[in-house]
Amino acid sequence: MTTLVSRRSLFRGAGAALVAGGLAACAPGTTTGNKALPTTSATKPPSGEITIWDRTGDLYKVFDKAIASFTAKYPQVKVNHVAVDINAKLPSTLISGAGVPDGAFYDDALLTGVAPHLYDLSGLIEQYKTDIAPYKLGVVTVDGKVVAVPWDLDPGLLFYREDIVSQAGVEIGGLSTFDNLLEAARTVREKFPQAKPIHLENDQFLGQLWMDMFANQQGGAMVAADGKLTIDSDPYRNALTWLDKVRSERLGTLAKYTQPTDLQTQDNGTQVFVPWAQWFVFAPQQLLKASKGKWRATALPAWQAGGARAGVMGGSSFVIPGKAKNPELAWRLYEHLVFSKEGYTTVYGANDVYPGGLNTSIPSYLPALDPEAPLFKPLEALGGQDLWKVAVEAGKQVPGGYTIPTWWGKAVDYFGVNVQKLLVGQMSPDEVLKTSASQIQKNLMGPS
Amino acid sequence: MATLTEATTTRRAAHRVRRRRIPVAPYLFVAPFVLVFAAFSAYPIFFALQLSFTNWHGAGALKIVGLANYRYLLTSPDFWQSMATSGVLWLLVVPAQVLLALTIAVALRKARFRGVFSAALIAPFVTPLVAMAQVWIILFDKDFGAVNHGLSALGLPAIGWLTTAAGAKVTVALLVLWRTTGYAVILLLAGLSTIPSDVYEAATIDGAGAWHQFWSITVPLVTRTLSFVVVIGTLTVFQLFAEPYVVTGGGPFNATRTAGLYLYKHITNSDLGLGAANSMLLVLMVLALSLASIRLLRSREDS
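As they're listed, the protein sequences go chains A and D.
Under full-length UniProt numbering, the residue at position 243 of the first sequence is numbered 243, and the numbers go up by one with no gaps.
Under full-length UniProt numbering, the residue at position 181 of the second sequence is numbered 181, and the numbers go up by one with no gaps.
None of these hints come from the bench; they were simulated from the model.
Be a bit skeptical, because a hint or two may be false.
One side of the interface only, derived from the structure: several residues of chain A facing chain D at Cβ under 8 Å [unchecked claim]:
| id | residue |
| --- | --- |
| 1 | 80 |
| 2 | 82 |
| 3 | 91 |
| 4 | 203 |
| 5 | 410 |
| 6 | 417 |
| 7 | 421 |
Cut-off 25 Å, straight-line C-alpha distance, at most; resulting in silico cross-link-like pairs (DSS-like, lysine-lysine) [stated by the list, open to error]:
| id | chain 1 | residue 1 | chain 2 | residue 2 |
| --- | --- | --- | --- | --- |
| 8 | A | 389 | A | 377 |
| 9 | A | 325 | A | 65 |
| 10 | A | 245 | D | 142 |
| 11 | D | 142 | A | 421 |
| 12 | A | 35 | D | 63 |
| 13 | A | 289 | A | 191 |
| 14 | A | 377 | A | 245 |
| 15 | A | 442 | A | 228 |
| 16 | D | 63 | A | 442 |
| 17 | A | 294 | A | 145 |
| 18 | A | 191 | A | 294 |
| 19 | A | 289 | D | 63 |
| 20 | A | 341 | A | 389 |
| 21 | A | 89 | A | 65 |
| 22 | D | 142 | A | 292 |
| 23 | A | 396 | A | 129 |
| 24 | A | 145 | A | 89 |
| 25 | A | 129 | A | 35 |
Treat the numbers as computed from the prediction; the structure is a model and nothing was measured.
Heads up, the beta-carbon is just placed ideally off N, CA and C, and yes, glycines get one too.
Let the hints inform the model, and build the full structure from the sequences given.
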């Protein structure tokens, strides 16, 4: 090779390239978030290719079948359906902009944290607004914009061991308030001294989600509609005081949801009452052995006589990232799954994965919630009980007007942890509320 | 004469050009490395440093906030708690790992079927962590775990391995020890193989016992390898993420939220500026700790 360049020229060129490349690469995306999808797009015949993320496991298989019903309807569409640990991967993918899917299934509790990276679907959702459960419409609306297609509704229910409760002579119909439930737990323990009948959640994240169910049931939330912190309030105080009583009277089993202690104590009759989201039903169906078929579900007790008998715990929705390559097609898919009878029936109705139908939640699309037209069948794991009716009835009672703050996930480090401290006797209800409020205000909300 | 002068001038000029100019080929050969290094090492470090002075959340333009992220972290109890947790885990893991690995390596030095033992030792390192974590959760369950059953058979009280702050740290440390000690043994075996056998023969002739040989020959001659094991152990502990993430989720009460796990939370919370500042502080602290460890071992080697 005879071509020669001067050392200075070489370094100057390399330096310039590095600086130019570096600066260009260092400039982050100019995404401002919440671009709106045009409402007219829905009229175009759908064709093209999209990538959709869903959680791994059985639910992935269920959605796979449902997506097949969409592609059968629109053969011009190819859907790359991918199983991903979405909670771990989606936030960083949205930030980096690399490998962004066209749509993803995502936890409602974490939704507000990624909202700036999502499409504003307000215009498209408008036509369905009156048919969406008010609670759910609230959680997918961030700063006045609908940023996700609402999927499931997860009402809280009281799961109980029917065999033990009846042997103890407890009348389930009489459990109309949480004080009644406390009394029932005492009665069960008198009959079965080894019992610690009430489930106390030992996981920081789920514990906070659980507390929010109790607060939502009383019309409360961590923040008011205007964003003001309302954690130090009666709904949380009532729930924490009750839980503290359960702990101090040794009426509770502290266990992590579906971890060994939890399953063993539910199977051996130590735990008898589990106030939890509808998705608890997964345990008797798939995880519990000795007690399978002995569990039943009923409405949650009210916090005050005559109060609401349900709150919501968890839930997920479908998001369309602002950097999606084919967002309009993703919308068409989700519109099919959520708002068409064919779509939601394919998911919740009988299928290869769940021959009796998917029963861990109910649709948030109200026209699907007909008590007389169940989407899933009565459950053997609940002794043949018709969970559909119980869940639909509870779903109607879930109070609306609920706001999830953008920092909900971060608050687990404070409120979630402090609730755990209460459950092991290290903090009082007042200490939990005041400390959490102060920590959240200081670390997550800035000076008031 | 004139011709000679011209020729000389031309040669001098050509010489100057040769001195000033260089061949392209060597630069082309090293270019792949330089480009890969620039893209995957230099640029991310530079970008992270830049991010650490911003409050970027992944969307919108960068907004410079000066030293605010560093100020926040250095005055945050959460940050210091995560550093303290990593510090405690370092104390639980690294000294025990060095002792264990050295003992096993010395025992294996002349063992038959060394290859089989080495393969067995490295097995935990290559076993999928998520599967092992589940085994750990079952083994260390307070009420139904095999470990507490064993303690109860010995008349000892049950320990909240996963439900108390101290117990959870020990549980995570045991998992890390179980997974990484084999790797340290392999490193030390390599170090031990460089010690000439005649040194031990001479010591035996001089009447030195096994302990004396270990302390006066083996340890000093593998000090450099030990330094490496300590540095690797330090890096492992301060970057520790997967083990506490899958076994304890950072709980109970954030007691196993390591520096690595705390850093990860910034990322999942989209607090990228804060996360970058946290990683810069972490780099400095790990660097200081590693240098201190090396210096400590070198001073022993020198003495």
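Report task. Please name the hints from earlier in the document that this structure breaks, with their numbers sorted from lowest to highest. Result -> Violated: hints 1, 2, 14, 17, 19.
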